[in-house]
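Kindly generate the complete structure, drawing on both the sequences and the hints.
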Amino acid sequence: MYSYISRRILFAIPVLIGVNLITFILFFTVNSPDDMARSHLGDKNLTSETIQRWKKYHGYDLPLFFHSSERRSNIITQTLFFQKSIKLFIFDFGMSDSGRDISSDILQRMWPSLALAIPILIIGLLVNITVAMMMTFFRTTYVDTSGAFLCIVLMSISSLFYVIGGQYFLGKILKILPISGYDPGLNSIKFILLPIVVGVISGIGASSRWYRTLFLEELNQDYIKTARSKGITEMRIFFVHLLKNVMLPILTGVVVIIPSLFMGSLILESFFGVPGLGSYIIDAIQLQDFAIVRCMVFLGSILYIIGLILTDISYTIFDPRIRLE
Amino acid sequence: MHIIIIIIVFLLNGCEDTVLNNPYDPAEKDKKIIYSSFSTRPKTLDPSISYSSNEAIFISQVYEPVIQYHYLKRPFALVPLTSVSLPEITYYNDKDEIVEQDGRNRIKYSVYTIKIKPNILYQPHPAFAKDQNDQYIYHNVDEDIYEALSIEDITDFKNVSTRELIADDYVYAIKRLAHPMIKSPIYGVMAKHIIGFSDLGKNLVKNPQVNDLYQSLSKSSIDGVELIDRYTFKIKIQEIYPQFMYWLAMNFFSPIPWEGDVFYDNEYLKDHNLTFAWYPIGTGPYMLTENNPNSRMVLTKNPNFHGEKYPKFGSPGDYKNGLLEYSDKQLPLVEQVVYSLEKETVPRWSKFLQGYYDFSSISSDSFDEAIRINADGKPNLTDKLLNKGLILQTSVAPTIFYIGFNMRDKVVGGNDDRARNLRQAISIVIDFEEYISIFLNGRGTAATGPVPSIILQDDIFKNEYIYNYVDRKRIRKTIKYAMLLLEKAGYKNGIDPKTREPLILNFDTAISGSADDKERFNWMRKQFRKIGISLNIQATHYNRFQDKLRDGNIQMFMSGWHADYPDPENFLFLFYSKNSRAIYGGENYSNYNNKDFDLLFEKMQYTPSKELRNKLAIEMIKILQYEHPWVWGFYPRTYLLSHQWNNKSKSSEIAYNTLKYKDINIELRNNLRKSWNVPNLWPILILFTVLMIFLMPVFIVYRNKKYKPRYRK
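Protein chains in written order, with the working numbering: chain R, 14 to 338; chain F, 5 to 717.
These aren't lab readings, by the way, just hints derived from the structure by calculation.
Mixed in with the good hints, there may be bad ones.
Chain F regions said to be covered by chain R (calculated; three or more residues, Cβ under 8 Å) [what the hints assert, rightly or not]:
1. 39–52
2. 157–165
3. 234–245
4. 670–683
Bear in mind that the values here come from a model prediction, so they are computed numbers and not experimental data.
The beta carbon of each residue, even a glycine, is placed where N, CA and C say it ideally should be.
Pasting the structure below:
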């Protein structure tokens, strides 16, 4: 297994270089370094000399991929791509174009994101499995049909509606929770309750439907028939035999998203005023802050790769028949 | 169940007096704190760099330039702030002799002599802290020491101190504007005006110590900036530039203590975002005590503030409007101002209505809920808001949005009658009164020239090329008249004689990302269709739009301008030929070129008398109205809602340091907040009952199934 993981990590390097290259191409196709300087300095009274000074100070005066006037390795190394990429691989994110330390910002903003994402994941998982089990347990009854109908309704509603609806109902009509805001520490509880409720409810529709399908598929397996023929109660079949086997696809699906949890949720964080990482990259794109964009894309790619490796490992844990070779 | 109890206990603990939705610490309720919001994260709070209004709302409370705008007087007037009096200007000729500026003498340079008040102290800050040996405690500190002290925030420094503001701080700040590390956006402009400024910039680039901000600046000087004594300094300006006085009131010319640059020049502090750009050091009424641009910014009263009093006099009507109620009171009036980041308009508006923000603008989403337009077309608050005791303040912004013609274009450009008639016809048919009504909910005034009335009040706001004036009312000229003009231009019924097809014009604009974009474009096409012209709209990314302007590869475009200072020159320079965008990269996007206009503009630049400058401005506006380089768009109006517990305030779109004049009645605020936010728990009971009814049969079936196997033995 260790050699498999090492191999996967080595494969990740060209993937990360590729992602970084694509980020460079896409970003600089839309924004030139001059545009970035204008965005940071403002358009008013700006002279070309001021733009040149900004570019030089931030290292954007270098050519993108090839420095034709240089010699030997400098042709490659004295370029924007090389200079800006090399430090990423040792996790030195440096300063944003507006002069803030990116690592410090990420560390500061990841906690509010996690404070929101982890409860939504855990509570959501419990609620969705419970709803799915209930629909399966009472399949073909009004509970199943009305549950399935409700799930489709919930799936069809835009996530923005849940946010505005939640703020309107719990914050404005019931007036029991603050509409938005955030405080660090335990004070955060009163602020994150509302986004957690919204996050959980908005996920019920799709997840419960999917989990219900998994439960129903397993319910027709031979081992269930055997259990029933042995006279085991339906409760025991559900909670001991069925749940254990259904958890395999559910958990592997969850493991892949765990590392990316700290990247946050754009809509929830923006509407509820949670200072997380969700809007960090979007804000950076709007401000044309390339330093943040490349760091966040790089980090996102790494987390995705870690998620995939963890998923592979989790298969071996949940299903002993699988070996990583 | 335990979890629910814990949550309820938390909620009740956190929210006194049964107000559960209070987003603030209940302990703050008896403090004089203003609560406000900001929607865009500031990029920097360094006054040498910042050029955005969303940053100025913080910076202007902390830093103090030598002069400021009078809070109440309109038209805007400059008054001393840290200076003893307004800067004294002396003019010199080629022989370095003092001369009068009466238009007869050739002025080689002007000298601004500024004397600041003694005994003004900086806010308490660790940069000034000294030990018993008179050595700075936190200058050139090893990073490991900070690591050991676990410094994470500016409040983690145990020792703070202050020092007196001296003239050298202003001199240092001006030198700082020229430093390549600072990258000040006004470097180019100041290089044109301050003698020796550009030379310093060039020398600093070559300086081996360029990466050490303080060292490189302390050993450099600018020919045109001279320190006379502890409280006096002089600035030498090339020839004459009357608008320089306004620049002196901007944050760029705030004092910078050199200790700040030395203190912040530390890798450990930089890694923890403790930099000059984020933790300002000023002498103003407030200091930034909490700085999390991703969530909350807190300004707290500066205990060392030198003291300033609320003005005793204002403009006519101010006394009647209650604006002089606080006359002669010591400023600032409140202890703290808390700004929370609210990116979305919906929660911001809801929290304002719940009393958790003291002021609010009105977004288009909430306009119908807030405002109803009466029969005279005037805005009034709706009954719902009137019952809450809200107060509406409206003001014209020193801003113009316009449609520009590229005067270098073969079809719409040029100074000949053909092109002028075409531009006039287009100016008539684009009905900006309708645009304001449809897209701005009436929040604007159709413009008649480039300068908003808040900057220049005169009869010039008549534009008889576009309107007919009947009984003091203006009526847009008819489509028939526009068609006549079009015919004179050689496009009868909008037909291009070359192609015998409708004339096609290209209109460029930057995509705003607003949901209204498509409707706005359709409306614009409709306006041109009135005279048979076909409009081709090219909506592009902002950067591409700017590229087209720079290349001059554009026919018509939409743009806007917000004044830096209240002088017509700040609008009229947008037409000066030497500011042409396509030729010189300046702000004259239309590439307008008229010799008569240029002569008047140059004359205005050399005229120190404001009255004379205004007269020249009126002449220039007349030329522009005749030439139509722009369709005169509109001046936006700002609507600001304020709760009844706020004192009367005057809006100012030019000066941002007005927080010190604001006050609140906390008792009234607490009472109203409490009455507006009584929790409604009955809908939860109803929901719970419905859920129980739904689950009851489920529970019965579950009990039946629990101990029964599916297949009976």
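Do the hints match the structure? See the list:
no.	hint	verdict
1	39–52	holds (count 3)
2	157–165	violated (count 0)
3	234–245	violated (count 0)
4	670–683	holds (count 3)
The structure shown violates the earlier hints numbered 2, 3.
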